[in-house]
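*Asks:* Here the protein sequences line up with chains A and B, keeping their order. Numbering of the first sequence is given in our numbering, commencing with residue 98 and proceeding in unit increments. Numbering of the second sequence is given in our numbering, commencing with residue 98 and proceeding in unit increments.
It cannot be assumed that every hint is accurate.
Since the list gives no way to pick out one identical chain from another, each pair is judged satisfied if it fits inside one copy or across any two copies.
In silico SDA-like links for lysine to any residue, alpha-carbon gap of 20 Å or less [claimed, not checked]: (1) Lys157 x Glu368; (2) Lys157 x Leu353; (3) Lys373 x Ala155; (4) Lys157 x Gly358; (5) Lys157 x Glu365; (6) Lys209 x Pro371; (7) Lys157 x Glu364; (8) Lys180 x Ser374; (9) Lys157 x Thr357; (10) Lys157 x Arg369; (11) Lys373 x Leu353; (12) Lys180 x Gly215; (13) Lys180 x Thr218; (14) Lys157 x Ser352.
Simulated from the structure, these hints should not be mistaken for laboratory data. Please read all numbers here as calculations on a predicted model, not as lab measurements.
Number of protein chains: 2
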Amino acid sequence: MKYLLMAAAAASLVFPVQAQEPTPIPSPGEIAAAAPAADWIAIAPSDLLVMDLTPDAAGKPRRVVIQLLPAPFSQGWIGNIRKLAAAHWWDGTSVNRVQDNYVAQWGDATEKKPLPDGLATVPEGDYVLPVSQPKMCAGRALAVCQPAANGLTSSDIRFSGAQSRDAYAGAVGFYRGWPVAADMQIQSIRPDAQAAGSTAWPIHCYGAVGVGRNMSPDTGSGAELYAVIGQAPRHLDRNIAVVGRVIVGIEHLASLPRGTGALGFYEEPGERVPIKSIRLATELPVSERPTFEYLSTDSASFARYADARANRRDPFFIRPAGGADICNIPVPVRAVAAK
Amino acid sequence: MKYLLMAAAAASLVFPVQAQEPTPIPSPGEIAAAAPAADWIAIAPSDLLVMDLTPDAAGKPRRVVIQLLPAPFSQGWIGNIRKLAAAHWWDGTSVNRVQDNYVAQWGDATEKKPLPDGLATVPEGDYVLPVSQPKMCAGRALAVCQPAANGLTSSDIRFSGAQSRDAYAGAVGFYRGWPVAADMQIQSIRPDAQAAGSTAWPIHCYGAVGVGRNMSPDTGSGAELYAVIGQAPRHLDRNIAVVGRVIVGIEHLASLPRGTGALGFYEEPGERVPIKSIRLATELPVSERPTFEYLSTDSASFARYADARANRRDPFFIRPAGGADICNIPVPVRAVAAK
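When you get a sec, could you build the whole thing from the sequences and use the hints?
*Replies:* Take a look at the structure:
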């Protein structure tokens with residue numbers, strides 16, 4: 098969580114601290130680390146995908162853990178992904194594409210492996226969700242205010258001024274631990290404003306996992322997945338399904354050799370990186386399940402953390418930015434001992 | 098330049114094109130490729146640093162080419178960097194730190210290698226430049242309008258509405274092929290608006306090269322450099338000097354194994370990646386000099402390119418974003434045959 102750019106490792110550990118100096122202002126990482134236990138929320142093992150690549154050249158294991166998005170976002174694709182994992186469909190497939198500053202993508206390179214029965218065909222409309230405004234209900238018919246079956250209300254999302262100047266959306270914020278965007282203006286989030294037709298959607302930040310697809314109206318089954326390994330490709334938002342994010346081991350994807358073919362595909366089959374297995378954590382023996390918590394994005398600790406990300410005042414910084422891109426406010430996630 | 102997320106390479110080359118279909122709307126890359134020769138500007142060899150890492154495990158060469166920022170930005174540090182390159186100071190040093198989604202950093206791991214004589218100590222004030230507004234001169238004393246010796250006028254920067262919603266600055270745009278930010282509001286860029294005390298600065302996008310430093314007031318000599326290999330760390334803007342950008346070979350840095358020490362430093366000396374040499378291109382034999390051009394950010398072609406980055410309408414996309422982060426509008430650079 099530290100971001101100092103020091104001359105070298107040795108020097109970086111020797112801070113010039115004077116006896117009279119006030120307590121240094123905590124860094125964002127220190128704020129998160131100091132958050133009370135009540136601010137941390139357990140991630141259900143049913144929301145974790147564990148991907149084991151074959152070991153690297155030195156024999157070191159390469160495990161990537163992916164957290165799936167919570168309902169109501171992207172549930173059609175996520176349902177398919179659970180079925181694919183349960184069928185062990187990805188075992189023996191591979192990472193086939195690594196494009197610098199963009200994505201690492203995996204799936205069946207042959208495109209001939211039969212998919213499990215019962216996968217849903219998800220419509221493009223599911224890239225976004227309707228957002229209603231419950232506080233507008235006073236004096237109106239309930240139906241006007243009631244969220245759609247798979248919808249959200251704007252009060253479900255924590256919008257923040259710190260990251261309100263977003264090039265891609267009228268508003269951005271956090272929904273149950275996830276960065277999301279909405280097409281309403283930040284002003285219209287006020288209870289007294291109009292939000293007819295507003296929608297919200299999950300966004301592509303570093304580490305986001307999405308569903309590869311062919312040309313529209315195809316939306317992808319979920320068998321072909323990618324993880325973002327560069328600048329947030331937000332132009333993909335609403336054009337392709339985000340289904341989760343890598344919470345451990347993104348470096349095993351981000352440090353792979355780049356493919357030299359078109360779009361970063363590996364040109365030689367031997368360059369592909371074999372996937373040993375992908376499992377829902379619920380399928381692993383309890384003793385082997387990775388367990389994680391995320392910092393509640395509704396907590397005061399998170400609000401302080403986000404403010405500190407937008408206004409770095411810890412010792413290395415001389416000028417706080419006064420704002421932060423939503424993708425530069427990664428939601429803290431930590432491994433915990435299994436309970 | 099293509100960004101499609103197709104099911105696989107083979108499928109991606111088989112577009113369902115119908116006979117009656119209108120000509121597809123060009124992608125940003127296609128717009129840049131079609132720009133007339135007059136819109137491309139040669140990069141002077143004196144502005145290119147050529148870094149050769151030792152070959153990779155398979156014996157393949159790893160060359161990284163860095164373009165230095167044009168005057169008047171960061172010239173104190175860049176003067177030092179030219180001296181360090183001329184002294185062959187980096188030869189035999191190494192990449193010592195690779196932190197995922199952040200930076201790859203190189204220099205002298207021992208911190209004991211003497212620096213060449215005559216390096217400047219650059220003040221923190223040089224992280225930004227004053228910006229004056231020449232069109233406000235009418236009816237005023239010339240001194241009010243004249244830019245400082247190392248200053249800019251706001252008309253030197255091409256501001257654009259497409260990327261105006263920036264979390265870190267009042268305005269962002271392009272200066273002679275480089276993304277820059279300014280602390281004036283976009284409205285104040287109008288000739289009739291006030292801009293007293295406005296400043297501009299180069300920004301940290303993917304591939305940006307900056308100067309490692311110790312705690313303030315140190316600003317770094319330029320001997321310790323890093324390249325951004327993840328989400329644009331814009332909170333470093335105005336806190337640390339940006340001096341250039343990688344235009345070729347960023348993958349040789351971005352795909353290096355991540356360091357497992359604090360801040361991504363390599364823990365074992367054997368993990369460091371040796372630097373064979375860093376040279377200004379002017380020091381290479383003419384026949385070996387890499388030659389490049391960038392697409393003029395003042396050209397109509399670039400304006401169309403930037404608009405297309407903000408509103409993807411090429412066939413894969415179903416919904417244009419209506420905006421783009423400044424770091425998602427990379428300035429096109431191309432290799433050309435030496436003249």
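*Asks:* Hints first: check each against the structure and report whether it holds.
*Replies:* Hint-by-hint comparison with the structure:
1. Lys157 x Glu368: both (18 Å within a copy, 15 Å between copies)
2. Lys157 x Leu353: both (14 Å within a copy, 15 Å between copies)
3. Lys373 x Ala155: Cα proximity of Lys373 and Ala155: one copy only (17 Å, versus 24 Å across).
4. Lys157 x Gly358: For Lys157 and Gly358, only the inter-copy Cα distance (17 Å) is at most 20 Å; the intra-copy one is 27 Å.
5. Lys157 x Glu365: Only across copies: Lys157 and Glu365 sit 16 Å apart there, 23 Å inside one copy, limit 20 Å.
6. Lys209 x Pro371: Cα proximity of Lys209 and Pro371: one copy only (17 Å, versus 43 Å across).
7. Lys157 x Glu364: Classified as between: cross-chain Cα gap 16 Å, same-chain 25 Å, threshold 20 Å.
8. Lys180 x Ser374: Only inside one copy: Lys180 and Ser374 sit 14 Å apart there, 52 Å across copies, limit 20 Å.
9. Lys157 x Thr357: Only across copies: Lys157 and Thr357 sit 13 Å apart there, 25 Å inside one copy, limit 20 Å.
10. Lys157 x Arg369: For Lys157 and Arg369, the Cα distance is within 20 Å both inside one copy (17 Å) and across copies (18 Å).
11. Lys373 x Leu353: This pair counts as within: shortest intra-copy Cα distance 16 Å, inter-copy 23 Å.
12. Lys180 x Gly215: within (8 Å within a copy, 66 Å between copies)
13. Lys180 x Thr218: within (13 Å within a copy, 61 Å between copies)
14. Lys157 x Ser352: both (14 Å within a copy, 17 Å between copies)
Violated hints are absent here; each numbered hint is respected by the structure.
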